[in-house]
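Chemist: Spelled out, the chains give:
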Amino acid sequence: MTDALTREASIDLLDLAGLEELEALALIGLSKNAGKTTILNHIITAWQESGQTRPLALTSIGRDGEAEDIVSGRAKPRIYIPTGTLIASAEGALQRSDALLEILELTNVRTAFGEVILCRALSDGYVELAGPSVSEEIEVITRLIRKHEPEILFIIDGALSRRSQASSGMVQQIILAVCVGTSLLPDILAEKTAHAVDLLQTPLVDEPKLQALSAAIAENPQARGILLSEGSEHTHCKAVQLPSLVGFGQEISKEIERGTFLLFLGGAVTDHVVTELLKEPEFANLTLVVEDGTRLFLKPETMRRLKHRHIQLGTLNALEVRMICLNPTHPNGQILESKPLLDALRQKITSIPVVDLGPANR
Amino acid sequence: MQSSVMITSELLQQVGLPAVLEATHCRTPQGSRLKNAARVYGVHNRRELEQELEAVGNLTTLIRQKHPQLVETTTQLARLRELRGTFSRLEHGTVLDDTEFFELKGALAIFSRLTKVSAIIEAAGVSFKDTSKAAMMLDPAGKKNPAFHIYSDYSPTLDDIRARKRVLEKQISKSKGAERKTLLTRRAMVIAEEDQEEDRIRRELGSKLAESLPQMQHNAEACGLLDFRLAKAELAVRWNGCRPALVSETQPAILTNITHPLIASHLEKQGQEFTPISIEIRRGSTVLSGANMGGKSVALKTVFLGLLMAQLGYFPVAESLQTPIYDFFAFETSQDGDLHRGLSSFGLEAVKIRDHYRRSKTRNGLIIMDEPCRGTNPGEATAIVNALSKSYSISDSSFLIATHYPISPSEGIRFYQIRGIRPETLAQQLPPLPEEPTVAEADKSKPSGGLSALAQPDLKQDLIRVRRIQKMMDYRLEEIDGPHAVPSGAIKIAELLGVDDELVREMKTAWQEEQWQN
Chain F
1 MTDALTREAS IDLLDLAGLE ELEALALIGL SKNAGKTTIL NHIITAWQES GQTRPLALTS
61 IGRDGEAEDI VSGRAKPRIY IPTGTLIASA EGALQRSDAL LEILELTNVR TAFGEVILCR
121 ALSDGYVELA GPSVSEEIEV ITRLIRKHEP EILFIIDGAL SRRSQASSGM VQQIILAVCV
181 GTSLLPDILA EKTAHAVDLL QTPLVDEPKL QALSAAIAEN PQARGILLSE GSEHTHCKAV
241 QLPSLVGFGQ EISKEIERGT FLLFLGGAVT DHVVTELLKE PEFANLTLVV EDGTRLFLKP
301 ETMRRLKHRH IQLGTLNALE VRMICLNPTH PNGQILESKP LLDALRQKIT SIPVVDLGPA
361 NR
Chain P
1001 MQSSVMITSE LLQQVGLPAV LEATHCRTPQ GSRLKNAARV YGVHNRRELE QELEAVGNLT
1061 TLIRQKHPQL VETTTQLARL RELRGTFSRL EHGTVLDDTE FFELKGALAI FSRLTKVSAI
1121 IEAAGVSFKD TSKAAMMLDP AGKKNPAFHI YSDYSPTLDD IRARKRVLEK QISKSKGAER
1181 KTLLTRRAMV IAEEDQEEDR IRRELGSKLA ESLPQMQHNA EACGLLDFRL AKAELAVRWN
1241 GCRPALVSET QPAILTNITH PLIASHLEKQ GQEFTPISIE IRRGSTVLSG ANMGGKSVAL
1301 KTVFLGLLMA QLGYFPVAES LQTPIYDFFA FETSQDGDLH RGLSSFGLEA VKIRDHYRRS
1361 KTRNGLIIMD EPCRGTNPGE ATAIVNALSK SYSISDSSFL IATHYPISPS EGIRFYQIRG
1421 IRPETLAQQL PPLPEEPTVA EADKSKPSGG LSALAQPDLK QDLIRVRRIQ KMMDYRLEEI
1481 DGPHAVPSGA IKIAELLGVD DELVREMKTA WQEEQWQN
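If you read the protein sequences in the order shown, they are chains F and P.
Everything in the first sequence is counted per this note's numbering, starting at 1 for the first residue and increasing by one.
Everything in the second sequence is counted per this note's numbering, starting at 1001 for the first residue and increasing by one.
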């Protein structure tokens, strides 16, 4: 990491990620301690320094209960915000904040840390974010925030997935945090990151399928799996109710028939789940759809096996990675030189800006 | 003292009370609590019940008029949160947190807005106490802004601390590196001072607010009552309910053209109509007889639900309804025994008969029994239902029984019957049913053996037959001067349900012989 590089990235942050045009942004970490809080603090500084008129609104989303998640879920970052920022955070987390906060609304959204409360900062200061744990509740929070302040940049620490808005066609913008904890070797880090970006940016399933699937999800909102099959006259829909995907691959695969052209899975789709599905010979020539790219936890080898079976991947909500931020500090404390890492990443990923923002001035 | 209701939860479900409560849409936690408590007003609360019914009646008028203040009322009620926890903390001197102050501020604003919807609160018979003093405490600058924080206006010390903090924060925003760290440390020291002063203010604010606690609690309860009464009125308008007239304990309940709202809506979905029924229930015994499938059970449930709703302060779905106030309500029907207590179905019935009878000696109840002693031998069953009818005929309670067994006329026993199959419909030529597979064919199409063959009746044809019978029935009740020749019509029903001709012929012959012998 060099000073020049840091400064350059910091100044260009808003431009590079195109933040000024956005209404909402999600921060996603490729691993735990990937540096999402640092990115958030950088954005806050850049936003303040460039004299933006819109205030920022911040919340975080947890994803408890899923073993193979790229988001730590329970992280409660401490962030220094300027006066005027809106935050939606649980009561327990607010008690550990030191900014002077004006309570605007009680949201009725409950978390393990208490009810999520909507506040406006009347002074600068540290805040802790612990937002809703269910992604659907983000919508409630968004609506309430926009009621109080329609013109904002809403930043969500964590991915959001909106099953209930399956047909909205909205593209969620994200910044991906990558840390050397994923790999210390530049080439491997670059390869893993590129693969993760591919998964995250898995495209929206095509329009006719999206419509049929949205209708099926609306009818079976609790279903873990939905299969659409070509019938003699019209499309058949089969809904499978399961407690989770992990360990229940066979329950789904036995429902696949010759005419099945689409399989939707709600939840984390892992190598293990796919391996179970691949045991079924009829699991071929179809589109495997997930809520969004953050739900895919598949190794390149698994992807190859899917391709071999002519299985395409699709999502209900598309994600666009606006920027990749490298954190050269290993979780064990070791700091690596960032240039070789950045070079390797930039060589492998050419369409998305890759930067090291350096430590935030907090 | 409240009146009690003796009924199993399963039967209560069948009668439809839980569905009535569910259809009552309260907007506040306070109102929902009142609703779920399902208070049955007793004789000693006659005046309160009158007030309740009066309020619900007044509100139905305003709802029908689409009174302009209704929108504001419902909007404000929908915003009210549960306040019991906060009130209790305030009462016990626990320091409230900012969320609780915010909650109270919101509630106080709602109280203030509701005092302005004078037409509604007057109609609902609720009153609000002045809580403006408490409201001012939570809005020291008088900004009328719903948001809340510990305002600097509360103390010059806090104002001073925050001014110092602001200066530091300005410096922090322009500083970097070591200087910034030093400034942040200094800020942390100021924040410690701020926290201490804020806590002192919270404590002081809490104890000052506690002075207004009785008024705030009164207003929260007023909101609950307003909400519950409004929800009852909305239901009455939706279901076209009538205001029940309360009469003295010696007078009869008179129900004119009463409907069971839930059964009616179920029928409506099938394109059918509920036939309203009319009945007078005096002290003593009322015996209801009538054809099988004639709607005796539905009639009993309709009566029970209607009278119970009236005593819960709801408007029953009737053209008119007058009722005394009963000390207790009991509804029994033959059911499976209670194995845990070693009681057979009749054993269980005997226990209920014993309990209700004892209770009726000292209290004035409405006791409804749907075909008791169904599972015991006809001779003794006839003796038991006769004894029940006769014993209750001199009681202060009202006993309504549906039975097929013949009851001897006696003073204090009134007889009603369901009109049953209209004679003119019997002469009508019914169109043939769709082809039915023969038993042999049907067996072939079903999985062989096992219970599955028994468990698959030809539902479609039976449904058509049932609909036909329903169309032939006159479900109205009529008072008769004594028990008529047991008009069960069971054989006719069996015939209409497609029992084979030769079997029906045997039934008819056996029935004629039976009558001959008697």
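Quick caveat, the hints were computed from the structure, so don't treat them as lab data.
No experiment lies behind these values; they were computed from the predicted model shown.
For every residue, glycine included, the Cβ atom is placed at its ideal position computed from N, Cα and C.
Any given hint could be a false lead.
[As the list claims (entries may be wrong)] Computed Cβ-Cβ distance ranges for the label pairs, DEER-style: (1) P:1199 <-> F:347: 39 to 47 Å; (2) P:1460 <-> F:92: 33 to 41 Å; (3) F:221 <-> P:1460: 43 to 51 Å; (4) P:1178 <-> F:185: 49 to 57 Å; (5) P:1122 <-> F:92: 40 to 48 Å; (6) P:1188 <-> F:92: 45 to 53 Å.
[Said to hold, decoys possible] Here are the simulated EDC-like pairs of lysine to aspartate or glutamate, each with C-alpha atoms no more than 16 Å apart in a straight line: (7) P:1144 <-> F:255; (8) P:1361 <-> P:1211; (9) P:1105 <-> F:282; (10) P:1390 <-> P:1424; (11) P:1143 <-> F:102; (12) F:238 <-> F:207; (13) P:1133 <-> P:1249; (14) F:254 <-> F:219; (15) P:1208 <-> P:1179; (16) P:1105 <-> F:20; (17) P:1208 <-> P:1371; (18) P:1133 <-> P:1072; (19) P:1144 <-> F:105; (20) F:339 <-> F:102; (21) P:1471 <-> P:1249; (22) F:192 <-> F:207; (23) F:254 <-> F:276; (24) F:299 <-> F:282; (25) P:1176 <-> F:49; (26) P:1492 <-> P:1380; (27) P:1170 <-> F:219; (28) P:1174 <-> F:282; (29) F:238 <-> F:257; (30) P:1116 <-> P:1179.
[To be verified] A few chain F residues that don't get close to chain P, going by computed Cβ distances all over 12 Å: (31) 45; (32) 55; (33) 82; (34) 115; (35) 146; (36) 171; (37) 242.
Chemist: Compare the structure with each hint and give your call.
Modeler: Hints, one by one, checked against the model:
no. : hint                         : verdict
1   : P:1199 <-> F:347: 39 to 47 Å : violated (57 Å)
2   : P:1460 <-> F:92: 33 to 41 Å  : violated (59 Å)
3   : F:221 <-> P:1460: 43 to 51 Å : violated (32 Å)
4   : P:1178 <-> F:185: 49 to 57 Å : violated (35 Å)
5   : P:1122 <-> F:92: 40 to 48 Å  : holds (44 Å)
6   : P:1188 <-> F:92: 45 to 53 Å  : violated (21 Å)
7   : P:1144 <-> F:255             : violated (60 Å)
8   : P:1361 <-> P:1211            : violated (50 Å)
9   : P:1105 <-> F:282             : violated (62 Å)
10  : P:1390 <-> P:1424            : violated (36 Å)
11  : P:1143 <-> F:102             : holds (14 Å)
12  : F:238 <-> F:207              : violated (20 Å)
13  : P:1133 <-> P:1249            : violated (48 Å)
14  : F:254 <-> F:219              : violated (22 Å)
15  : P:1208 <-> P:1179            : violated (43 Å)
16  : P:1105 <-> F:20              : violated (37 Å)
17  : P:1208 <-> P:1371            : violated (63 Å)
18  : P:1133 <-> P:1072            : violated (23 Å)
19  : P:1144 <-> F:105             : holds (15 Å)
20  : F:339 <-> F:102              : violated (43 Å)
21  : P:1471 <-> P:1249            : violated (39 Å)
22  : F:192 <-> F:207              : violated (30 Å)
23  : F:254 <-> F:276              : holds (10 Å)
24  : F:299 <-> F:282              : violated (22 Å)
25  : P:1176 <-> F:49              : holds (13 Å)
26  : P:1492 <-> P:1380            : violated (26 Å)
27  : P:1170 <-> F:219             : violated (54 Å)
28  : P:1174 <-> F:282             : violated (64 Å)
29  : F:238 <-> F:257              : holds (11 Å)
30  : P:1116 <-> P:1179            : violated (56 Å)
31  : 45                           : violated (9 Å)
32  : 55                           : holds (15 Å)
33  : 82                           : violated (7 Å)
34  : 115                          : violated (7 Å)
35  : 146                          : holds (16 Å)
36  : 171                          : holds (34 Å)
37  : 242                          : holds (28 Å)
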